[in-house]
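Number of protein chains: 2
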Amino acid sequence: MRLVSAQDFDLRREVEYGSAEQNEAVRTIVKAVKEEGNAALLRYTERFDSMKLDAAALRVTQEELKAAYALVEPSFVAAISAAAENIRHFHTKQKRNSWMDLQPDGSLLGQIIRPLKRVGVYVPGGKAAYPSSVLMNVIPAQVAGVSEIVMVTPPATGGKAGIDPYILVAAAEAGVHEIYRVGGAQAIAALAYGTETIEPVDKICGPGNIYVALAKREVYGAVDIDSIAGPSEIAVLADDSANPAYVAADLLSQAEHDEMASAILVTPSEMFAKACQAEVARQLAELPRKDIASASIEQYGAIILVNSIEEGIQVINRLAPEHFELIVKEPMGYLGLVENAGAIFLGPYSSEPVGDYYAGPNHIIPTNGTARFSSPVDVDDFIKKSSLIYYSKEALLENGATIIELARREGLEGHARAVEIRLRQEGKAGGNDGNE
Amino acid sequence: MRLVSAQDFDLRREVEYGSAEQNEAVRTIVKAVKEEGNAALLRYTERFDSMKLDAAALRVTQEELKAAYALVEPSFVAAISAAAENIRHFHTKQKRNSWMDLQPDGSLLGQIIRPLKRVGVYVPGGKAAYPSSVLMNVIPAQVAGVSEIVMVTPPATGGKAGIDPYILVAAAEAGVHEIYRVGGAQAIAALAYGTETIEPVDKICGPGNIYVALAKREVYGAVDIDSIAGPSEIAVLADDSANPAYVAADLLSQAEHDEMASAILVTPSEMFAKACQAEVARQLAELPRKDIASASIEQYGAIILVNSIEEGIQVINRLAPEHFELIVKEPMGYLGLVENAGAIFLGPYSSEPVGDYYAGPNHIIPTNGTARFSSPVDVDDFIKKSSLIYYSKEALLENGATIIELARREGLEGHARAVEIRLRQEGKAGGNDGNE
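As you go down the protein sequences, you meet chains A and B in turn.
Residue 182 in this note's numbering sits at position 182 of the first sequence; the count goes up by one each step and never skips.
Residue 122 in this note's numbering sits at position 122 of the second sequence; the count goes up by one each step and never skips.
No lab work stands behind these hints, which were simulated from the structure alone.
Heads up, some of the hints might be wrong.
For chains that are exact copies, the list does not tell them apart, and a pair is met inside one copy or across any two.
[Stated by the list, open to error] Calculated cross-link-like contacts (lysine to any residue; reagent style SDA-like; alpha-carbon spacing at most 20 Å): (1) 117 <-> 339; (2) 329 <-> 394; (3) 95 <-> 113; (4) 93 <-> 114; (5) 117 <-> 368; (6) 95 <-> 336.
In this text, all values refer to a predicted model and were calculated from it rather than measured experimentally.
Pulled out of the complex, with its shape left as it was, chain A reads as follows:
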């Protein structure tokens, strides 16, 4: 793991958004499903997933969901259920109420908060099928009050027909019962535009391969989509009160995700930097996913030496990492200085996997420096707001002339007249007419 200067290091990576051919293929698929419905959906499922289904077989049955429980360990059911409870507890604290502001003139202004009506969650097949991601997408939507949550996932996993039972159990534990065995761009199109079998949704979320990502971008506008995640990243700021073995393990837990993942250590202690370097090398050698983790550490890993913890925090603010572990004496004392970080883990026991799986906050967090302006997935991602304006007669008579002046200033006479006609009729002409 190389030592670099803070000035030389930039966490941003150029992320590939698909070739012209991939874009073209996705547009063709989306158009076909939009126009032909089930016929195209089933045709692409046969072509890409080697699965010949009829429309009646698209939906996973309640019997299949129940059967999945027999295929997983009871300890897994207990673990996923405990995680779901923590995630639900945390996200429930994010819930907001509609509010009203009553004015002394009898007017009423407000903001109405409502859940989206129907949300689609994409769950990838194969090795990228993570039960924890099912919870992290579904539970915030449920807490927001979304009444219909539907899941789509490819009809085969890891080369075998059938959906991963761990995914089915996670869905059932989270409370999702409408699941369709379709994947890829065709599944995204079906969620966006609907087919004879699948009702269209208002928002699509969840990770997927490049075809899924391009299809989400293609249908955006017809429906809302979540943001498209880049490779995962961690930055640890530690002083020599930290345990180098813990820090190295945390860095590697990020590096094992993906060759493009990034693991950064920032420290004011050269001794600690060296100890961590050695620990990373030692632990890396024994890691099952050592090829991936080595490539990540090699290309996107770094140790940055700084003069103080404060300077370290400036580096963190510039990186705006997805995950930030602050393992120093008195970490709370520095929290106010942290401006940009998706999730902040404080102290020696808050290892990143605590947040990835279990503590409660969401593990879908902005990557690639976007924590400067965006936020982890939460209940707000599944609500919509409406402004409410009830103006009293008194308020209109009192303020009508001012509104008319502003409208005329912008050359919008029709706006002015909409107010003026009321002022006249209610017995008080306002502003100059503009009509004569």
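Got chain A; can you put chain B on it based on the hints?
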């Protein structure tokens, strides 16, 4: 204004997102400003705005801001200042606090709410320069706590050199003092990547022409952007308790915006429909912008007859209009049925211009049916959230084995070991090792 059936009517319009040539031109401009900074910015300003500036002249001076006040009516200053106060009052109610959830095991989870640091607001030149839009973009950012708000606007307006003094006064009244005389795609690129004179921002908002819209899309990811607004729209649901002249005036106030604007009346009363139809024709004939309004009414206007107010609300929910006026007896009684509408105006005195200019809620509202899943601009658009996880030793010892189980289930051994190494060292091995 034609009568149509609810089934036949769809508010959605195909909005043009730029030709291949426009996209290519924008990419060239953005790249040049990113690479060359001021040199490119000044070159394009000379080319597109016929204005030869040097870098020192880019920023509007405090003297110019003060001088603008002498060029506008005192009544305008009073009006814009009163509007600003109302908008600030309303948006202040949207502010949220960071929160913590203290757990009995000593852990602490939370959500930290912070303002974006620096925001750029684009203000178009010429006839599209609306002082009210300055307030609607700037004030929510200020209320969120954004410490640096910068405005850019083309160096000429309506064919004349110099920035519209009404825009400058609106900016000054809102409290913006960092203003640059640059516009177009080159201004967006300068905000996104910075130049020698203009510091880069975290988010760009504000309306603009097609080049501005394409440039915002081009820089998205490096910075956040607001959503790109479609043509404006109103839907009015009225029964025969409403005044047809008021309703017609409100419909026309929307239609005068733009030939693609849409004005819809939904009513259970055929008599009221006919009275409105006649009023629209009568008022339209006298409207200064009658050519625009006629085209809008002709193409995108409609009167939809329904059997009941409840059925009318179903139509509204399907349309998901930007502005929705509900002018019936006891409008509050129907509010709970309204699912999709960006801003809801209740009763006879809540004419849409009340909200466009003055009452307090934002006038930047989702268009083209997107109120199904998105919301008016508000303070939330200018904050970012970080999750906070402080896990106690007790919490990790208690829950570590469950976390390890979930990590191993997903094949992420490095995640499992990051927890396991702590359990071992702190005196309690958890889970099965997987290492031996």
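Evaluation of the provided hints:
1. 117 <-> 339: between (34 Å within a copy, 9 Å between copies)
2. 329 <-> 394: between (61 Å within a copy, 18 Å between copies)
3. 95 <-> 113: both (10 Å within a copy, 14 Å between copies)
4. 93 <-> 114: both (16 Å within a copy, 17 Å between copies)
5. 117 <-> 368: between (31 Å within a copy, 18 Å between copies)
6. 95 <-> 336: between (24 Å within a copy, 19 Å between copies)
The earlier numbered hints are all upheld by this structure, with none contradicted.
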